[in-house]
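Chemist: Each chain, letter by letter, is given below.
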Amino acid sequence: MNQHRKIEWLYEQLPELVAKGVLTADAAAALKQHYALERGKSGMPWALLFFGALGALLIGAGIILLLAHNWQDLGRPMRTVLSLSPLVVAQAITGWVLWRGRAKFNPLWCEPVGIFHSLAVAASIALIAQTYHMPGTFDSFLIAWMLLSLPLVYLLKAVAPLMIYLAGITAWALYQQRMGLHAFYYWPLLALAAPFVWSTVRAAPFSPRSALVQWSGVIAITCGLGFALGRGLPGLWIPLYASLFGVLYLAGGLAQRPDVVSGWLRPARLYGGAASLILVFILSWEWPWNRVGWHYWNTGRYTHIETLWVDGLVGLALLGALLLALVVCIRRKHTQDLLLGSAAPLVALGYVLASVQGALLSMLLMNLYLMVAGIGLVIQGVRELRLRIFNVGMGIFSALVVIRFFDSDLSFIVKGLVFIAVGVAFLLCNVFLYRRKEALS
Amino acid sequence: MSRTLILVLFAMMCLAQLVAPASMIYQREATLAHGETFKFRTAPVDPYDAFRGRYVALGYEQGTVSGDWSDDGFRRGRVVYATLERDAEGFAQVTAVSRNRPDAPHYLKARIRWASRDQLTLDLPFDRYYMGEFDAPAAEREFLWRQGRQERRAYAVTRVRRGFGVIEELMVEDQPIREWLLSQDAKQ
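Listed in order, the protein sequences are those of chains A and U.
Residue 122 in our numbering sits at position 122 of the first sequence, and the numbers go up by one each step.
Position in the second sequence counted from 1, then plus 441, gives you our numbering.
No lab work stands behind these hints: they were computed from the structure.
Among these hints, one or two may not hold up.
Stated by the list, open to error - Here are the in silico distance ranges between beta carbons for each label pair: (1) Y467(U) <-> P208(A): 41 to 47 Å; (2) L316(A) <-> L448(U): 40 to 46 Å; (3) V328(A) <-> S443(U): 55 to 61 Å.
Claimed, not checked - To spell it out: a stretch of chain U is covered by chain A in this simulated footprint if at least three of its residues, at any positions, have a beta carbon under 8 Å from a beta carbon of chain A; those stretches are: (4) 445 to 451; (5) 454 to 464; (6) 515 to 524; (7) 554 to 567.
Just so it is clear, CB atoms sit at the ideal spot from N, CA and C, and this is done for glycine as well.
Please put together the full structure from these sequences, using the hints given.
Modeler: Have a look at this one:
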């Protein structure tokens with residue numbers, strides 16, 4: 001139950017409690033007064049944001065459709081005026097909000113204003129392009145739109161325009177890649193949004209607003225890393241993605257506060273950990289390791305050897321950040337995260353091994369790591385009596401067993417029995433741990 | 442940030458947001474007013490682009506250029522310059538493709554859509570002609586249904602200036618396409 005619902009429930013209970021004599025009327029009134037502020041804070045603004053944003057999106061989309069559908073009979077000057085009018089209206093609204101001062105408005109009002117303004121920029125460019133039958137260069141359209149609407153993020157301090165920006169530059173990188181180009185400008189474009197992300201997270205690290213910013217950021221960077229990599233060195237994505245997920249997981253762990261348990265509010269840690277594990281599971285097969293490394297340079301017409309240094313820089317930055325996070329973890333004796341955090345350096349080692357020796361050793365290394373990590377987390381969970389850690393460990397271990405048995409040539413009966421045994425062990429261990437925890441508490 | 446600074450930055454953003462479309466308009470208007478006229482033979486089809494309404498997508502015979510393109514610079518996605526000359530009927534011919542701006546009087550900036558060692562396909566800067574939402578499918582129908590039976594003489598009249606190209610009119614059988622569509626309706 002979230003905070004808002006709990007308070008609503010309490011409000012419903014109060015008259016009955018007073019009637020039964022459990023609480024005096026004064027105490028009930030005092031409780032009501034105490035929670036009145038909280039009640040006012042929660043619930044409403046998010047609904048406002050959602051419907052406000054939805055409304056702005058619908059109005060924006062409606063305007064685009066109305067204007068874009070058929071206006072051949074209008075002359076070019078009239079079309080130009082109409083094309084620019086949504087933008088001018090949006091500028092007037094944003095200008096009014098900034099003139100009055102953001103502080104006078106509910107901060108969430110800035111979100112629909114930002115969405116509307118951003119869409120108006122897109123509509124104006126697209127409509128002018130239509131008037132002059134301009135060619136369908138989607139990438140230049142996207143870049144112009146994104147750069148012209150990025151200041152909205154900083155001026156309105158709004159998350160929604162940031163999300164549009166991140167989605168836009170990531171789509172641009174994808175388009176560039178599809179065109180056979182190397183989208184390395186993705187990194188400076190991403191860096192333009194970084195100060196806002198940083199200041200929002202710093203201001204209130206575990207707020208829903210900060211979570212939204214972080215989720216958008218980690219998803220954008222995950223997609224963008226794949227789109228913006230050149231194709232020169234086969235398999236370079238393996239150590240780079242492992243480092244990215246490792247950095248997110250370790251940094252999220254270092255910034256953690258014991259009273260924040262919701263995974264949703266700690267995107268870096270939850271996402272970094274889960275993505276690391278998924279990646280290592282993928283790497284526990286042989287196929288990703290085949291034909292990777294510096295013996296297999298791609299030299300075709302559609303690889304980008306001349307801009308490979310950008311990939312190198314990105315790789316060095318990610319590996320450097322990973323090492324830094326590991327060192328800080330060890331120095332601060334924050335050792336509980338090292339089990340999952342060590343996946344990335346091992347993957348990097350696996351990449352070197354696969355480049356030198358072929359796929360087999362790296363594949364074995366990943367399987368060994370998953371086994372050790374699974375068992376290690378189970379032990380840690382039992383020691384600290386923490387069901388969540390225990391279950392993650394058990395999950396890793398049983399998934400490994402199930403996957404490897406599924407791959408094997410054993411008969412269905414053997415496979416079936418193994419699956420049942422793993423399931424039973426999972427359940428029994430949970431019951432055992434739960435009872436022990438209950439007994440101790 | 443102080444309020445004054447915010448308002449100054451806001452004003453700069455608004456200016457940039459207006460200057461960008463204004464420069465697009467200026468460039469095209471200047472090309473339409475002062476550019477040289479070239480005709481390009483076309484083959485229209487009709488996709489739908491929700492962002493920009495209905496248009497007729499255009500491909501050009503002149504977009505495909507044969508030659509020795511084994512040089513590494515002629516790759517998909519790269520920007521190149523196509524030197525243009527006119528034949529006796531006023532139709533454009535691409536006489537050379539270079540990676541740098543040529544000295545020739547008339548040339549077009551274009552992106553390479555596809556490249557092999559002996560053939561380049563260029564995305565010429567007039568690959569679409571916007572029409573009304575009812576006219577575009579009608580144009581498509583006319584072309585698709587009749588294409589098999591008789592050859593249509595369809596071409597784009599364009600203006601070219603300093604590498605920029607703007608489509609001025611789409612002609613079918615020497616009539617602007619809207620007039621041609623009306624004449625087809627009248628015949629039926």
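Chemist: Check each numbered hint from earlier against the structure, then list the numbers of those it violates in ascending order.
Modeler: Result: hint 3 breaks, nothing else.
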